[in-house]
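Asks: Using the hints provided, position chain B relative to the given structure of chain A.
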Amino acid sequence: GQQLNQSPQSMFIQEGEDVSMNCTSSSIFNTWLWYKQDPGEGPVLLIALYKAGELTSNGRLTAQFGITRKDSFLNISASIPSDVGIYFCAGPNYGGSQGNLIFGKGTKLSVKP
Amino acid sequence: GAVVSQHPSRVICKSGTSVKIECRSLDFQATTMFWYRQFPKQSLMLMATSNEGSKATYEQGVEKDKFLINHASLTLSTLTVTSAHPEDSSFYICSALLLSSYNEQFFGPGTRLTVL
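If you read the protein sequences in the order shown, they are chains A and B.
Using my numbering, you'd call the opening residue of the first sequence number 5 and step up by one each time.
Using my numbering, you'd call the opening residue of the second sequence number 4 and step up by one each time.
Only chain A is shown next, with the shape it has when bound in the complex:
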């Protein structure tokens, strides 16, 4: 079945540093989604990508849809303490119903002030 590999699993960085995380898929995606989950909360959509090669920004966040359509990365520039959380990539689960998603295992980000 479809698999999403997300890396790194966790990151410990200093405030102000840039962060990069990525996801690879075992199959071609037509959509890549990046979510952030704060402790004890539901995921919040950060960036959605719909075209191969697309580069989209949301404030200090930038995400790209890989040209091969099997990968995506998320960059966070000049990290701040509130960036702490778990970041998930997600893509369509083609074996499921409409709108069904498959999630990566997440990247846990810790920011030291």
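Worth flagging that the hints you see were computed from the coordinates, not collected in a lab.
As the structure is a prediction and not an experimental result, all values here were calculated from the model.
Derived Cβ-Cβ restraints for the label pairs, each shown as a range: (1) B:Q63 with A:K74: 22 to 32 angstroms; (2) B:K17 with A:A56: 50 to 60 angstroms; (3) A:F16 with B:M48: 20 to 30 angstroms.
Using 27 angstroms as the maximum straight-line C-alpha spacing, the simulated DSS-like pairs for lysine-lysine come out as follows: (4) A:K74 with A:K109; (5) B:K44 with A:K116; (6) A:K112 with A:K74; (7) B:K23 with B:K58; (8) A:K109 with B:K67; (9) A:K74 with B:K44; (10) A:K112 with B:K44.
Just so you know, even glycine gets a beta-carbon here, dropped at the ideal spot from N, CA and C.
Replies: Just chain B, lined up with the frame of chain A:
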């Protein structure tokens, strides 16, 4: 933006009792909602797809008689954990599908269930 609420946010119950969790789309109609379970330090695992006016579709390994789903209106889906046991303790998250050209899912804030 699209807002999804969940109630309760936190529940503690005794083993053997049933617990109902509500998921509401506040500013849009959702014919499809999803129920996820998340164990500590793990990703979201889809339990079932809730379809308004029809039976839910359960993922492999999820007992439909234990996790009852009702999607009686376009803004409300409920998940009832029947005869809860300690191993059912988890973080349950719902999402609602906003139908558009992009079909985005918007997530609720989650419900922390603890079964004693």
